[in-house]
Each structure stands twice: as structure tokens, then as C-alpha cells.
Amino acid sequence: AQTIHQWPVAEIKAVGSPLSLGCTIKGKSSPNLYWYWQATGGTLQQLFYSITVGQVESVVQLNLSASRPKDDQFILSTEKLLLSHSGFYLCAWSLWGGSYEQYFGPGTRLTVL
Amino acid sequence: GQQVQQSPASLVLQEGENAELQCNFSSTATQLQWFYQSPGGSLVSLLSNPSGTKHTGRLTSTTVTKERRSSLHISSSQTTDSGTYLCGPGTQVVGQLTFGRGTRLQVYA
Chain Z
94 AQTIHQWPVA EIKAVGSPLS LGCTIKGKSS PNLYWYWQAT GGTLQQLFYS ITVGQVESVV
154 QLNLSASRPK DDQFILSTEK LLLSHSGFYL CAWSLWGGSY EQYFGPGTRL TVL
Chain V
-3 GQQVQQSPAS LVLQEGENAE LQCNFSSTAT QLQWFYQSPG GSLVSLLSNP SGTKHTGRLT
57 STTVTKERRS SLHISSSQTT DSGTYLCGPG TQVVGQLTFG RGTRLQVYA
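Protein sequence lines correspond, in order, to chains Z and V.
Using the numbering used here, the letters of the first sequence correspond one by one to residues 94 to 206.
Using the numbering used here, the letters of the second sequence correspond one by one to residues -3 to 105.
It is possible that part of the hints are untrue.
[Said to hold, decoys possible] Cβ pair distances, simulated, as ranges:
| no. | chain 1 | residue 1 | chain 2 | residue 2 | range |
| --- | --- | --- | --- | --- | --- |
| 1 | V | 51 | Z | 110 | 24 to 30 Å |
| 2 | Z | 135 | V | 51 | 28 to 34 Å |
| 3 | Z | 145 | V | 48 | 43 to 49 Å |
[Claimed, not checked] Residues from chain V shown here face chain Z by an in silico Cβ test under 10 Å; the list is partial:
| no. | residue |
| --- | --- |
| 4 | 0 |
| 5 | 4 |
| 6 | 14 |
| 7 | 18 |
| 8 | 22 |
| 9 | 29 |
| 10 | 39 |
| 11 | 40 |
| 12 | 48 |
| 13 | 92 |
| 14 | 95 |
| 15 | 97 |
| 16 | 102 |
Please keep in mind that the hints were generated in silico from the structure rather than gathered at the bench.
Since the model is a prediction, treat every value here as computed from it, not as a measurement.
Using N, Cα and C, we set each Cβ at its ideal position, and we do this for glycine too.
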């Protein structure tokens, strides 16, 4: 069975500090991967998607970057956090073909102070 | 870009009552999913229904693609159904889902 892990579960960081959030999918080969972000009280927005290792497309510009170093791993990062980066970050996966249904990880709650 | 409107914004039901949630979107979608978002924020996929009618358990979704709208019917609501329901239309190949503000459902015993 496929599993999706996100780390860390929660993070409290200072403005201007670096950030790295991770996502790992197990049990699926060559999934499409996605990063989403939801500000407190806001709507869920897709930030990045990746259909293969090494290729990442940006959907929304938030001074964040993403990388896919392995088939089953998706990383979200920035060198300098802003207050506006606070919120809930979700990773999701889907497979080519079929319904392209997306499945979400448990999320990481980020607080920037 | 895609705009998504969900109604009602909130809904309060007594256990056993049925719920009808609506989703209207501005652009053609080849993919549409309904999600449940827990109070903690995690998302659970309920149904994938880009067109037609689909049933699973107590859930029925009807999507009319040409009219760019979808509905989610929850029968015999339970207190554990409480949470936020999100509709996400999108494009299949790229998988760009767009979300609205959702419908917050509260079911009391």
C-alpha cells in the first residue's frame, strides 16, 4: 500500500531563516507530485508540481522553491522566510492515467515569527 | 484562472439529516475531486467525479460538465461528518486543482 510522509509535522521559524520541508511517497512508482499551501483562514493553493525526477514547475510565486531529487521525494525550501509564509503545507501525489485522483499527505504547519 | 464558488459557506444539521453541497467553477475542468478537510487541516479524497453521477457509501456526487457545476449529497449525516468540504476542479494531465473556500459542515447529535 502506498504511504505519504511529510516532515516535519510542525515548525516554528524566525523571519529571514531558511526552510526545508520534505515529502516522501512509498509504494508508487513515478508519481506526479504536488505542493500546496493554505494560509490560516485562506484557500488551498497549488504551489508546484512535478511529473518526473529533476523537473519541477511553479504554479504560484511565493518566494519558495521546490526540487525533486528522487522519484519518491519532493522538497520545498527557501533561504529566507517571510511572515507571509506561515500556514499549512500539503504534499500530494497522483498517477498518470485513470482519474488522476490526488491523494494528500498529513501536512506541515509552519509558523513564522 | 479558474474560480471556484462553494455554497453554502456553512451548514448546521442535526444527525440523520441530509446535506447538499454545491460547487460552481468558471472554466472547463477535466478533473474534479471532492475532499474532506479535518479541523487539523489534513485532506481526504472523497470522490473523483469529473462528469456524471457517482456514489460511494453515503455520498453522491453529480457533476454537469457543460454547466461547470458539481454537487455533493451526504445522506443521513453523522457527527463525524463535521468538518470542511472542498471541491477541486482541475485539469487531468497536469493535475492543477483549484479550490474554493469550502463548505463548513457541523452536525450535532
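So, going through the hints one by one against the coordinates:
1. V:51 to Z:110: 24 to 30 Å: About 48 Å separates the Cβ atoms of residue 51 of chain V and residue 110 of chain Z, which means 24 to 30 Å is violated.
2. Z:135 to V:51: 28 to 34 Å: Given range 28 to 34 Å: holds, Cβ gap about 32 Å.
3. Z:145 to V:48: 43 to 49 Å: 31 Å, violated
4. 0: This hint holds: residue 0 of chain V lies near chain Z, its Cβ roughly 8 Å from the closest one there, short of 10 Å.
5. 4: 16 Å, violated
6. 14: 25 Å, violated
7. 18: For residue 18 of chain V, the interface hint is violated, since the closest Cβ of chain Z sits about 17 Å away, which is over 10 Å.
8. 22: Hint on residue 22 of chain V: violated, closest Cβ of chain Z at ~14 Å, above 10 Å.
9. 29: Where the cut-off is 10 Å and the nearest Cβ of chain Z is about 6 Å from residue 29 of chain V, the hint holds.
10. 39: 4 Å, holds
11. 40: Check passed: Cβ of residue 40 of chain V comes within 8 Å of chain Z, closer than 10 Å.
12. 48: With a closest approach of 12 Å, the residue 48 of chain V hint is violated.
13. 92: 6 Å, holds
14. 95: The hint holds - residue 95 of chain V has a Cβ within 10 Å of chain Z, the shortest such distance being about 4 Å.
15. 97: 6 Å, holds
16. 102: Since chain Z brings no Cβ nearer than about 17 Å to residue 102 of chain V, farther than 10 Å, the hint is violated.
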